[in-house]
Structures are given as structure tokens and as C-alpha cells.
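Visitor: Listed below, chain by chain, are the residues.
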Amino acid sequence: MESTRQQAIDYLTGSLSSQERVTFESKLENSESTRTLLADLSDDWSSLALLSQSSSPDPDLRSRTLMLTQEPPDLDPFLCSDGVERLRQNYSKPARRYLGGDGTVGTSEVKDISLKDGIFRTYEHLLRLLPMVSGDSSAAFGDFSDLQKFICDNLPLENELGKWTDPLLPTQDPVAQSLQRSLLASLPSLAHFTDLAGSGKISLSEVRRIFYLCRDQLKIMRASFQDLDPQQLAEDELVRVHGTHLLRQKWSGARHSFFNQAGLASCGNFFEGPISERCVEFAEYDSNLYCLANLIANRSSAGGFQIELIKDSVPGCVLAIAHAEVDSKLDEELNAVASPNLSSLPGVLSKDACLWSLLQGSMSRGFPNHSVGELADASFFGKQRLKGETYLWFAWPEIENAHSGAVASTEKPGQ
Amino acid sequence: MPLIDTIHWENIRDRSPNSLAELYDGFAGAMFSLALEVLGDRWEAEEVIQDVFAYVWKKPESFSPAKGKFSSWLLVITRNRSIDRVRSRKRKVVSGEPIEVLSNRQDLGSKDGAEEASRSDERSFLRSAFKQLPEDQREVIELSYFRGLNHLEISEQLQLSLGTVKSRIRLGMEKLKRALSNLRS
Chain A
1 MESTRQQAID YLTGSLSSQE RVTFESKLEN SESTRTLLAD LSDDWSSLAL
51 LSQSSSPDPD LRSRTLMLTQ EPPDLDPFLC SDGVERLRQN YSKPARRYLG
101 GDGTVGTSEV KDISLKDGIF RTYEHLLRLL PMVSGDSSAA FGDFSDLQKF
151 ICDNLPLENE LGKWTDPLLP TQDPVAQSLQ RSLLASLPSL AHFTDLAGSG
201 KISLSEVRRI FYLCRDQLKI MRASFQDLDP QQLAEDELVR VHGTHLLRQK
251 WSGARHSFFN QAGLASCGNF FEGPISERCV EFAEYDSNLY CLANLIANRS
301 SAGGFQIELI KDSVPGCVLA IAHAEVDSKL DEELNAVASP NLSSLPGVLS
351 KDACLWSLLQ GSMSRGFPNH SVGELADASF FGKQRLKGET YLWFAWPEIE
401 NAHSGAVAST EKPGQ
Chain B
1 MPLIDTIHWE NIRDRSPNSL AELYDGFAGA MFSLALEVLG DRWEAEEVIQ
51 DVFAYVWKKP ESFSPAKGKF SSWLLVITRN RSIDRVRSRK RKVVSGEPIE
101 VLSNRQDLGS KDGAEEASRS DERSFLRSAF KQLPEDQREV IELSYFRGLN
151 HLEISEQLQL SLGTVKSRIR LGMEKLKRAL SNLRS
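Here the protein sequences line up with chains A and B, keeping their order.
Numbers 1 to 415, taken from the working numbering, label the letters of the first sequence in order.
Numbers 1 to 185, taken from the working numbering, label the letters of the second sequence in order.
These are computed hints drawn from the structure, not numbers from a lab.
Keep in mind that this is a model prediction, so the values were computed, not measured.
Hints may contain errors.
[Said to hold, decoys possible] Once the Cα atoms are required to be at most 27 Å apart in a straight line, the calculated DSS-like pairs of lysine-lysine come out as:
1. B:Lys-131 x B:Lys-175
2. A:Lys-27 x B:Lys-131
3. A:Lys-27 x B:Lys-67
4. A:Lys-163 x A:Lys-116
5. A:Lys-329 x B:Lys-177
6. B:Lys-175 x B:Lys-69
7. A:Lys-387 x A:Lys-329
8. A:Lys-311 x B:Lys-58
9. B:Lys-69 x B:Lys-131
10. B:Lys-177 x B:Lys-131
11. A:Lys-383 x A:Lys-329
12. A:Lys-93 x A:Lys-329
13. B:Lys-59 x A:Lys-311
14. A:Lys-27 x A:Lys-111
15. A:Lys-149 x A:Lys-163
16. A:Lys-163 x A:Lys-201
17. B:Lys-67 x B:Lys-175
18. A:Lys-387 x B:Lys-177
One chain only, chain B, in its complex shape (with noise of 0.2 Å):
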């Protein structure tokens, strides 16, 4: 993850100078690149990012904490609005359908820069880590984090008992974590 802590949240809280570019700068390409992979739509997306922010600078009290990295809680903000947004689409998987959720798409405005630099290992890591599950454990993950679908309508679309969602993606979140671990220490 991007080096962006409670320090980043605490100097909005305080309205220090800057402090809303220097977490934008950190952070807003990856809450960006969330919000476009779940929604696949450029503008939708911005609106995205600019609800998010437009939140944490208006209301800084919505985080504290307690309720664990700064960071990760934008990504779940992030991933919330963008479901949010699919679902008031009332797009339904068709059952059957193939399933290709992480797109393959060029993005030609997309630009390297440091912030990508320092999360590209983590990425890459992480990629080959999630294309070394089993099939099964990935589907429900992508179906899960990507779609919002919940645990109900995954065990519809793939026809499979509530109880092996519950626990396809337990156990691929477990592997995930474990990999991640290693990484990191």
C-alpha cells in the first residue's frame, strides 16, 4: 500500500496547508484505479474520487483510529461508492454468462508516476499471488470484491451453497493474507 497513515488523516482533521493535495498526490491514483476497475466508466469514476474526498475534507470525524489504517478506509469508502453506483445501474448477471470481471482495458491516460513506482512490487506481488488460487477461490473474490455481488447472489449466479461462498473466499482471502505476510515482513 501507499505510505499514506494516520498522519495524512490527523493534518486534515487540524486543516493543515496542503494537506488535502499531499493525500491526493499519495493516494488518488489507487482509489482511482479501484473506483475505475468496479465501474468501468472514466467520469463515474472522478465523481468517485471527488464524493471521497469531498467527504473525508468535510467530515474528518467519519474516520478515526481505531477503525484501523487510514488508508484502508478509503478503499473501502472508495469500493462502497463504486458498488453503490453498479448496483443503482441494476445491471444483473446473466447466469451462464462468462465471467471476466478485472478488465484488460488500455488506458492511454494513464502515466507512470513515483507513486506507482513505489506500489508497483506490492501489486505484481499480489497479481501473481491471486492468479495462484484456485479458479474457484478467485472467481468468488473478483464476484465479491469487484461486483458487490454478496455471499446470496454469488451461490445464484454460480449456483453454488451459501456455506462453499462463505468459505471459497475465506480460504483465498487467508492465502492472499499469508502471501502478503511474507511480502511484507
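So that you can see chain A by itself, here it is in the shape it has in the complex (with noise of 0.2 Å):
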């Protein structure tokens, strides 16, 4: 039988069977010696890690890591508002969860070929892109220059951008839906921080902000056309339990971008647990949360919004909510934008309807059950300003018991 100390070791290495854990952790639950003996080694095994180099987080990372400290705000009168009720009343999860596919098309409808070679073009400068952001390159470690001149040495996305976006028209159409998703969920803000990059302007918080904007791009383009990288679609199709966590860590502090207006991005109330199960279905809810966050974030009346996750208020849903004090005038065109009636829109907002046009398509994706009127009078997503406070908002099923498969996370490419 092997001694105490080598158990306790053992134990703090990782290297017992469960079987062992368990008569070990009974031991220590009755063992005053043991216990000791485990904290006088603990102290000694952590000293190991005064073997690591030394290394400074990102000044910005200790704000972020604060914002932990402030207490969320009061969503109350949100969540007793009209419009939630509306959905309390009527909200009824769909037969099955989004797998994927349903909003996809082949490049080859994409029947403009300067369009066609673009997605094909952004894609792939997407995809050497990703790698020079990576939390192992050298721009994460403080060294600009291979970024710069790679930025540099490339077309401009916002030249991309530019060729695209003229015209632009809320419509239901798939393969316009596909593009205009490409175009305008993440990109634009990958193009301001990238831009950034390419003069010069550019700190560590941003080269961050650039690889999680890149990573959800790529994702976004795969889930829109379904012949741009089947291999890595093929994986994205697959169970991987993703987090909140995941969301809060690309959101909390962000500084975030819609055609050149910034706004800075803070996490209020998020619960903790799974909220998508594929790549697929990540991509999507991803997609409407930067829809919500390019028409709230250049609104915003104090320079700031705010994103909500709220479980259980609206039993069996997700509530998730950008919301921001917004000037009556700026939020009179949100009303616009929201409208059902777009005849009369004016063509500056032509992009904005487009963003919610395509929530309104990721929407009847979600909830196939249902026509988009439908989920609009039910308030599955919507619009609503309470005392100079505006909020949008979009309703997606809670996950009641996660599949048991891999669980996403940072370093996975495309996740």
C-alpha cells in the first residue's frame, strides 16, 4: 500500500483512477493530517509555477476582468413589459433544434461573378488572415509587423465591403440573405479593427478583437454557402456544446464597429450554461447578436450597450438583448427599420433594415413552425423603448439537456 504522501501526490498530479479519488477525498474529509499534508504540498506544487516565463496581461484584460464586479442592470421593466408577456403567452419551442442548412446555398446562385469570386477572394484572405491573430502569433506577443504587412499587402476588406454593398435591399431571397449575412453581421467590424491594423493603430485588446471577428466571419461564410468549405462545414455540422461563456468572453469590453460608428460592448445579466449544439447553430445565434449589435451600437446614446442573456423569464427560451439609451430621434429609425411597411424607408437605413431582415430570416430558421408574421406578433424577436432605454431582442430554445459530445472552446479553428 503505497504511503500518504505519494497518494497526495498522486492526487495533485492527476494521476489517480476514480476509484482511487474517491477513497483519497474520503480520507481527507476524515483526516485532519491529510489535509495538511495536502495543502503543504499544494503550496509546493503551485510554486512550480514560478517557473513560467513571465508574461503581463493585456491592461485591457483587467477592466474586462472587473466588469465582473458591477452589478447588471435592472431588466425588470424590459421583462414585464408588453412585449415579453406577448411571448410568455405564445412561445412554444420548435419540434426539433436548428441543425444547420436550412438558410445555406451553393456559390453558383451567386450568379454576378465579380460577387462570386469575392466570397471566394474574402474567404480565403480570411483564412491566412486568422492564423497572423492567433493567440500563438506574433502580434499576440506585442510584434505588429507581419500583421501590418500583411494588411498592408492585401486588398482592404473595406474595399471588398465597397464593391458589395451597392445596392442593398431587405429581402427574404436565400442567396441575397447569404451574401448580405456575409456582409454585414461581422464583417464591417472586421474591417474597421483591420484597417486599424494596416496604419498602425493597434493594440493588443484589438489584435484580439480582429481573431474572434475573423474566426465567427469564416464561421458565418461556411453557414451561408454551403460549397465554400464543405470539410470544415462538415464539422461545424457536428455536436459541440457551446457556451455562454463563450459569448461573454468575445463581448465583454469589446469595442465594436458598424461602418466606421463605434460603440463599446459591456455583458449585463448572462447565465451560465450551453446555448447552441453545433457550430451551425452557434453561427446563427452569433449572426443575429451582431445584427442587434450593429443597430444599437452607433445609437447609442452615451456610447455604450449592453447584451443580455436571460434564461427562464420566458420558460423554455433564451432571451438575448442589446439594449442602450438611445435618442428618440435615432430611435424613431429603428422603428423604421423594424417596420413591416419598408416602402417608405429612407435609403440610409437600406443596411440597417437588411440586418434585421436577416434576423427575421435566422428567426424562421429557428422556429420553422412558424411564419415570420407569426414570430414578429409574438414577439419572438422585436423592438421596444421603455423610459429613453431601447431594446431589441430575439428569443432562441434553451438547451434543457446538452448532448453529450466535444465542448467548444477558443483554440478549435471555426468554433
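Got two chains here, separate frames each, mind docking them using the hints?
Guide: Here you go:
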């Protein structure tokens, strides 16, 4: 029989079998001397951390971390509002969760050759950009020279955007929606930050932001065009549970830009738990959140907006909410954008109206047993104003019992 | 170790103003360095730090002084979460591949701060003591601590018996403990 000291070392190093672990933990409960021994060994074991090369976290991490101590906003006015009450009365979960594929089209369906080329060119460009901004890249360790050179040597994404975005009109045509989702969800913010990187005006936190945006953009494009990267798309369709922490990490304290209007995101009430079961479903969720963020970020009076993920307030679903204090004139714009009557919409709001129609399209994929009109009437998604605060939201079916399977994390490309 | 101890945990538990900021300023650097060493990925290391701080803030009762020093507990959690991520990558160490665990990278984002100055003596002393260990002991400790391999995995990797792996880790740790005790006394 091994000594208690050896068992404690094995316990600390994760080398006990599950049965041995249970036995040792029982010993810990009953023996003061074993607890003292383990605490002592744990101190020695932890001192090995000092062998790590000394590195300082980005100062931005401090502010993001300390956001934890801020009291989340009081959402009761919103959660008790007529809109959410209507959702409570009408919500029913779909017969099956979104598995991907419903909104996707083939690139051959894009008739304009230059647009089709642009899709492939942008995707390949982003595939090359991703490793240059990943957590083990030289840019992530403060040397931005390779990244800057890469961006300067390649056509700016803003140029690609310029080619694609004229004209954009709200539509439920699947080809146009796939194009618009690829153009308007995460790409504008990504183009803004890569432009900054190209001009050398960049910090670590912005490199990190480019990483998340680039990863999401690739995933959204794959989900939009089924033949763009079939091998990776097949991976995206596997069961892989995505937790709300992935959204918190990405959005907490993030600067977000939509065509050069920027806002600072913060995370308010965020439940902890799974939110989607596959990358393709997470791409829908991500895209919807980007649409809400794009609509609210540049209209916030104070320059900031909050994202909330609420579970249990409406049984069976998770509410994703983006809200900010918004001037009444700008709020009127959002009323026009969210209106079913788009004939009188001013041209300058056409991109915003496209974002809203993208949300509508996604909701109809998430809840295929309802029409978009029914979903809007029942407040599965919507916009409302309460005491100077504008709220945009969408509902998504909660995960009651997560599939056993892989768990998504940052380092896996495309997740 | 930096001067982080039970009082910091008590302040967090009691929701004292600035308690999380004080803990962050005193200890995030050590936690981040460890997470980065294990993961080799800055964004993932930042995520681990955010996760650990969120855990400490939301569930301060997870620690109790009976578990030892608060600083040690924080490092154990940081390491475990980092190792979990490494394991989820399903990277396999190929037998016979040269083993170089501790990094030599240059972090241009790294700055010398007050925390670093107070820790540097102990750090350099430990590094020196570690270098003086026989190579076979260093190797198993590195694989265990920074790669998160368990004894069985190390024995397979290095083609050693389980008993040899265990004794090398134990002997190496005992030598380091003696060296650190001498420094602290």
C-alpha cells in the first residue's frame, strides 16, 4: 500500500484512478493530518508556477475582469413589458433544434461573377489572416509588423465591402440573404479593425478582437455558402456544445463598429450554461447578435450598449437582448427599420433594414413551424422603447439536456 | 510567492470595495504567466484568467483556509483549467519527439511592474534550483506540471516504469522544497 504522501502527490498530479480518487477524498474528509499534508504539498506544487516565463496580461484584461463587479442592470421593466408578456403567452419550442443547412446556398447560385469571386477571395484572405491574429501569433505578443505588412499587401476588406454593398435591400431571397449575412454581420467591424491594424494604430486588445471577428466571419460565411469549405462545414455540423461563456469572452468590454460608428459592449445579466449544440447553430446565434449590436452600437447616446442573455424568464427559451439609451430621433429610425412596411424607408437605412431582415430569416430557421409575421406578432423578436432605453431582442430555444459531445473552445478554428 | 493571502479572499467574500481589483493587481500576472506557459496561446490564457476571476467572485465559498494558501489554490485552479483546455485539444506527445516544455518566447507585451520585482528573487532562485535537478527529474516534473500528463502517460511517453516516474517526481519535488525552504528561512 502506497504512503499517504505518495497518494497526495498522485492526487495533485491527476494520476489517481476515479476509484482511488474517491477513496483519497474520503480520507481527506476524515483526517486532519491528510488535509494538512495535501495543503503543504499543494503549496510546493503551486510554486512550480514560478518556472513560467514572466508575462504581463494586456491592461484591457483588467478592465474586462473588473466588469464582473458591476451590478447588472435592472431588466424588470423590460421583462415585465407587454412585448415579453406576449412572448410568454405564445412561446412554443420548435419540434427540433436548428441543425444547419436551412439558409445555406451554393456559390453557383450567385450569378454575378465578381460577387462570387469576392466571396472566395474574402474567405481565403480571412483564412490567411486568422493565424496572424491567433493567440500564439507574433501580433498576440506585441509584434504587429507581420500583421501590418500582411494587411497592407492585400486588398483592404473595406474595398471588398464597398464593391458588395451597393445596392442592398431587405429581402428573404436565400441567395441575397446569404450574401448579406456574409457582408453585414461581423465583416464591417472586422474591416474597421483590420484597417486600424494596417495603419499601425492597434493594440493587443484590438488584435484579439480581430481574432474573434475573423473566426466568426469564417464560420458565418461557411454556414451561408455550403460549398465554400465543405470539409470544415461538416465539422461545424457535429455536436459541440457552446456555452454562454464564449459570448461573454467575446463581447465583454469589446469595441464594436458598424461602418465606422463604434460602441463599447458590456455584458449585463448572463446566465451560465449551454446555448447552442453545433457550430452551425452558433453561427446563427452569433450572426443575430451581431445584427442587434450593429443596430444599437452606433445609436447609443452614451457610446456603450449592453448585451444580456436571460434564461427562465420566459419558460423554454433564452432571450438575447441588446439595449442602450438612445435618442428619440434615432429610436424612430429603428422603428422604421423594424416596421413591416419598408416602402417609405429612407435609403440611408437600407443596411439597417437588411440587418433586421437577416434576423427575421434566422428566426424563421430557428422556429420553422411559424411564419415571420407570426413570430413578430408573438414577440419572438422585436424592438421596444422603455424610459429612454431601446431594447432589441430575439428568443432562441433553451437547451434542456445538452448532448454529450465535444465542448467548443477558443483554440479550435471555426468555433 | 506574491503577498496574496487569506485576507484577500475574506475581502472578496465580504464584497469589500476594490477587493477584486486588489487581487487582480497582486496576482493576475502570476496566474497569467502560468496559463500562458501551459497553453502557449495569449487569448486562451486571458480567457482562463477571466474564468478564474469570475469563479472566485461568484463562488468565493469554493475556497476555505483549510485548503491551504489562497495563492496556491488560485494557481491550482488556473493550472487545472489551462490543462483542461490543453487536453481538449487532444494533442498527443509523439514518442521520441524532443521535449521542450518551458517556453523561450519573447513577450513584447510584458512589462516589469512592482509585482514582478517582488517576485523576481523567488522566481530566479526557483529556476536556478530547478536547473540543478537531475535532467530526468526535471523532465517528469515539467511534463506533469506544464503538460498535465498523468503518471501513466509520462511512463508511456518516456518508456519508464510507473514506479520510476513517481519516484522521480517525488524526489524532484522534495529537493525543490528544501531549496525553497532555505530561501524563505
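Visitor: Look at each hint and say if it fits the structure.
Guide: Hints, one by one, checked against the model:
1. B:Lys-131 x B:Lys-175: Roughly 11 Å separates the two Cα atoms, so the pair holds.
2. A:Lys-27 x B:Lys-131: With Cα atoms ~35 Å apart, A:Lys-27 and B:Lys-131 exceed 27 Å; violated.
3. A:Lys-27 x B:Lys-67: Holds, at about 14 Å.
4. A:Lys-163 x A:Lys-116: Since the Cα atoms of A:Lys-163 and A:Lys-116 sit roughly 12 Å apart, the hinted pair holds (cutoff 27 Å).
5. A:Lys-329 x B:Lys-177: Violated: A:Lys-329 and B:Lys-177 sit about 68 Å apart, past 27 Å.
6. B:Lys-175 x B:Lys-69: holds, 21 Å
7. A:Lys-387 x A:Lys-329: Measuring from Cα to Cα gives roughly 14 Å; hence the hint holds.
8. A:Lys-311 x B:Lys-58: holds, 18 Å
9. B:Lys-69 x B:Lys-131: holds, 26 Å
10. B:Lys-177 x B:Lys-131: holds, 14 Å
11. A:Lys-383 x A:Lys-329: holds, 15 Å
12. A:Lys-93 x A:Lys-329: violated, 36 Å
13. B:Lys-59 x A:Lys-311: holds, 20 Å
14. A:Lys-27 x A:Lys-111: violated, 71 Å
15. A:Lys-149 x A:Lys-163: holds, 23 Å
16. A:Lys-163 x A:Lys-201: holds, 25 Å
17. B:Lys-67 x B:Lys-175: With Cα atoms ~23 Å apart, B:Lys-67 and B:Lys-175 stay inside 27 Å; holds.
18. A:Lys-387 x B:Lys-177: violated, 62 Å
Comparing the model with each numbered hint stated earlier shows that hints 2, 5, 12, 14 and 18 do not hold.
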